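Protein chains: 4
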Amino acid sequence: MTEPSTSERRGTSAAGPAADLAPSGRTETISDGVFAIAITLLVLNLHVPGAVEQKDAGGALQALVDEWPAYLSYLATFLTVALVWMNHHALFTHIRYVDQKLQWINIAILLGICLAPFPNALVADALRTGLSSEAAKAAAGAYGLVFMLMTLPWIFVWERLARRPELLRPPYTAAWARRERVRGALGAAVYACGIGIAWISPLLAMGLFLLLALFYAVTARGFAPDHEMRAIDV
Amino acid sequence: MTEPSTSERRGTSAAGPAADLAPSGRTETISDGVFAIAITLLVLNLHVPGAVEQKDAGGALQALVDEWPAYLSYLATFLTVALVWMNHHALFTHIRYVDQKLQWINIAILLGICLAPFPNALVADALRTGLSSEAAKAAAGAYGLVFMLMTLPWIFVWERLARRPELLRPPYTAAWARRERVRGALGAAVYACGIGIAWISPLLAMGLFLLLALFYAVTARGFAPDHEMRAIDV
Amino acid sequence: MTEPSTSERRGTSAAGPAADLAPSGRTETISDGVFAIAITLLVLNLHVPGAVEQKDAGGALQALVDEWPAYLSYLATFLTVALVWMNHHALFTHIRYVDQKLQWINIAILLGICLAPFPNALVADALRTGLSSEAAKAAAGAYGLVFMLMTLPWIFVWERLARRPELLRPPYTAAWARRERVRGALGAAVYACGIGIAWISPLLAMGLFLLLALFYAVTARGFAPDHEMRAIDV
Amino acid sequence: MTEPSTSERRGTSAAGPAADLAPSGRTETISDGVFAIAITLLVLNLHVPGAVEQKDAGGALQALVDEWPAYLSYLATFLTVALVWMNHHALFTHIRYVDQKLQWINIAILLGICLAPFPNALVADALRTGLSSEAAKAAAGAYGLVFMLMTLPWIFVWERLARRPELLRPPYTAAWARRERVRGALGAAVYACGIGIAWISPLLAMGLFLLLALFYAVTARGFAPDHEMRAIDV
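Heads up: the protein sequence lines correspond to chains A, B, C and D, in order. When you line the first sequence up against my numbering, it's residues 1 to 234, in that order. When you line the second sequence up against my numbering, it's residues 235 to 468, in that order. When you line the third sequence up against my numbering, it's residues 469 to 702, in that order. When you line the fourth sequence up against my numbering, it's residues 703 to 936, in that order.
By construction, these hints were calculated from the structure, which means they are not laboratory data. Among the clues, some could well be false.
[Said to hold, decoys possible] Residues on chain B that point at chain C, a partial pick, calculated with CB under 8 Å:
#1 R260
#2 I264
#3 A272
#4 E287
#5 A360
[Unchecked claim] Sample of chain A residues with no beta-carbon within 12 Å of chain D, all distances over it, derived:
#6 T129
#7 M148
#8 L149
#9 T173
#10 I197
[Unchecked claim] Just some of the chain D residues that point at chain C, by a computed CB distance under 10 Å:
#11 D734
#12 G735
#13 P751
#14 Q756
#15 K757
#16 A762
#17 D768
#18 F794
#19 S834
#20 E882
None of these values were measured; they are calculated from a predicted model. Each residue gets a CB set at the ideal place from its N, CA and C atoms; glycine is no exception.
Put together the whole structure using the sequences plus the hints.
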């Protein structure tokens with residue numbers, strides 16, 4: 001959490017920022033809350049009513065194992081939300097102030113995160129009817145659509161930061177924010193492909209979404225500025 | 235989050251506030267928690283049991299699309315709660331201390347926020363029975379009533395701040411708090427109209443509540459004091 | 469939230485506290501989280517399946533109104549949890565450090581808070597079967613029992629603080645902590661009476677629990693030390 | 703919560719840490735949120751539909767008491783999550799910075815915590831079919847498996863801290879982190895035994911998991927460094 005002085009916080013100090021800016025602290029707090037809740041609510045989609053009805057332990061275990069598509073969907077969604085949280089965390093280490101527009105863009109990001117348990121439940125339920133069932137195709141397609149929409153507000157984040165670089169912590173600049181837009185657009189493109197793949201194999205699409213989260217995780221630069229940034233740092 | 239010194243926090247320093255005051259920090263923390271949870275729990279109202287039973291992907295997709303009134307209700311409620319959070323955030327940038335009464339008024343605000351998923355579920359369920367069904371009229375009316383009651387504690391917030399201006403951060407004054415009461419009363423009036431409209435068309439009423447959230451969002455002054463405030467600032 | 473210096477936080481500074489003490493900050497954070505979630509989850513007990521089945525708006529409204537015992541139970545539980553949070557907040561303004569034992573006593577307090585939605589759901593469900601039904605008597609009795617158990621860890625809080633006054637912020641002392649034990653025991657006694665009353669009238673018992681929350685709220689001294697404390701202050 | 707200076711937070715100060723490090727503050731915040739939510743969601747597994755159907759209060763009370771295996775499971779899971787939170791809290795008092803890898807290891811810890819309500823629900827549901835039913839054996843075995851997997855990321859925490867001791871607060875060193883790995887492995891071993899015991903008596907296994915939480919609680923050194931650490935301190 002940023003720790004602005006009281007005068008920074010009120011945004012009214014003489015040498016301070018424009019009067020419509022607020023420090024980013026409380027925006028980070030509520031965002032963390034939403035991420036934490038959304039990622040924890042996913043567990044409510046896991047339930048195995050059939051296990052209780054089994055007469056022998058082997059059958060009950062089998063009923064638990066048979067739920068593996070729900071576990072796959074859970075894992076893909078969990079890791080994707082965790083990844084978005086990591087990106088959100090990294091983003092706000094570069095942001096010093098929020099204005100009204102950036103607040104609403106952040107709420108659009110949180111809308112996507114809050115929605116995540118819904119397509120997850122759709123896919124988990126549909127995969128129970130068969131791994132390539134028609135219902136599973138529609139559900140995985142809807143999953144891809146919701147997560148594609150989820151990437152869009154990120155493009156506006158960079159757009160806003162490029163237009164109003166005083167929101168950024170130095171040495172980050174408008175030029176840096178413009179370069180970052182590409183990453184956001186890339187995510188949207190991959191999810192669009194996923195929607196197409198869902199029509200062929202819902203399971204393959206869910207696997208792709210899981211891989212995407214892992215790929216982003218591995219390639220994320222985290223808190224470290226890249227080579228270009230190092231140049232700006234100097 | 236405000237960052238009072240330890241002596242400010244205990245409210246016992248010689249030059250500090252009256253002994254029954256506490257800094258607003260932890261009140262903001264729990265409020266953020268409640269907002270974050272209420273806004274995330276809304277997703278539990280979204281479920282499409284019919285989609286799984288479909289034999290073809292087109293039918294499953296259609297079942298998903300047919301849920302649009304639930305999505306509309308979700309969006310209206312999500313944006314309204316987000317808007318109230320934005321107002322709460324803006325309010326507390328002006329507040330330095332809380333007393334026992336302001337704490338209870340804040341709990342009344344949180345009561346409304348905690349309740350929000352309930353009328354949202356009522357409307358989403360009722361709209362499934364028909365867009366102008368009698369049940370939908372009653373549900374949209376109840377929705378308007380709960381959200382109207384939700385605006386009332388805000389009037390008492392300004393009332394309390396007007397009576398005890400030492401709770402405010404300078405340069406905000408009792409006169410400023412008195413002027414703000416009007417905004418609260420306006421919200422209550424609009425929701426009262428919405429209850430009437432719900433009796434004609436539940437869908438129109440829900441659209442109005444969505445528009446109201448967007449209107450407030452656009453006209454919100456956010457953290458910037460208005461022209462009058464600038465005068466006080468000088 | 470307390471704001472200890474880094475050395476205070478690590479509890480290793482030369483002039484600092486004993487090595488098994490930690491500042492109370494993160495304990496307050498997770499407690500606030502639990503309070504916020506428990507108070508928000510209560511809404512999941514509100515649902516009116518009958519309203520959707522009604523053919524006319526009047527009948528649908530009637531179905532909503534008929535749920536009033538559930539609303540009463542909701543309100544009593546909401547206000548009681550809010551009240552406990554207020555007391556918890558007031559308590560931690562007097563606490564500077566936590567040790568292992570105080571942490572576990574705090575977890576016992578949180579156990580009660582986490583459980584609160586359960587007896588609330590029992591009472592709301594049982595009152596639907598009749599305001600003085602046998603099931604309602606058992607449910608209201610169970611409600612009283614859970615809330616009585618909820619008051620017990622508070623006695624241990626004061627006990628622990630009396631034994632280890634270095635956990636307290638000066639000028640609060642072991643003598644003060646000993647005096648506070650009485651308040652905790654009083655709450656347990658009132659809930660014990662409530663269990664008896666539940667056997668005569670469940671509704672009366674729920675009304676009593678609601679009144680108890682309001683009474684404590686009115687009589688709470690909040691952050692202000694009482695007359696005795698003022699004497700200690702000087 | 704740690705309170706790094708702004709320059710520490712950005713991780714770019716000249717004398718500061720390597721550029722890929724971030725202070726641990728926001729990681730603690732989201733972790734606290736996940737712990738608080740997971741521990742509170744457990745209550746959703748408690749429900750006694752049979753109590754409402756009883757005609758006399760005695761029968762309704764009996765129905766409540768008959769749920770005791772669900773209460774036992776609730777208590778074991780609640781205390782285990784609380785214990786993991788205590789350990790997490792103690793761990794982060796020793797950590798100053800997080801890097802990308804430690805963040806992902808922490809997310810793996812949180813994955814286990816988020817999952818906890820699922821095996822808890824399995825066991826509570828299965829014990830209703832009989833205390834040594836085949837379904838209960840499978841459920842308690844699954845419970846042990848999930849909690850065993852939950853202990854694994856802790857080994858990687860110590861591994862990471864041993865490899866990169868600059869993440870630690872002095873005087874904690876790589877040698878200390880290596881010694882701590884043993885504790886994590888011990889937990890995994892106990893849960894593995896529990897899986898075996900579940901095949902003989904599910905109830906005994908659940909009792910063991912409850913005892914394990916209590917044992918760890920009693921033996922935990924909390925924030926106090928042990929004798930070896932005192933030596934390092936000097």
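- So which hints don't hold here, by number, going up? 4, 17, 19 and 20
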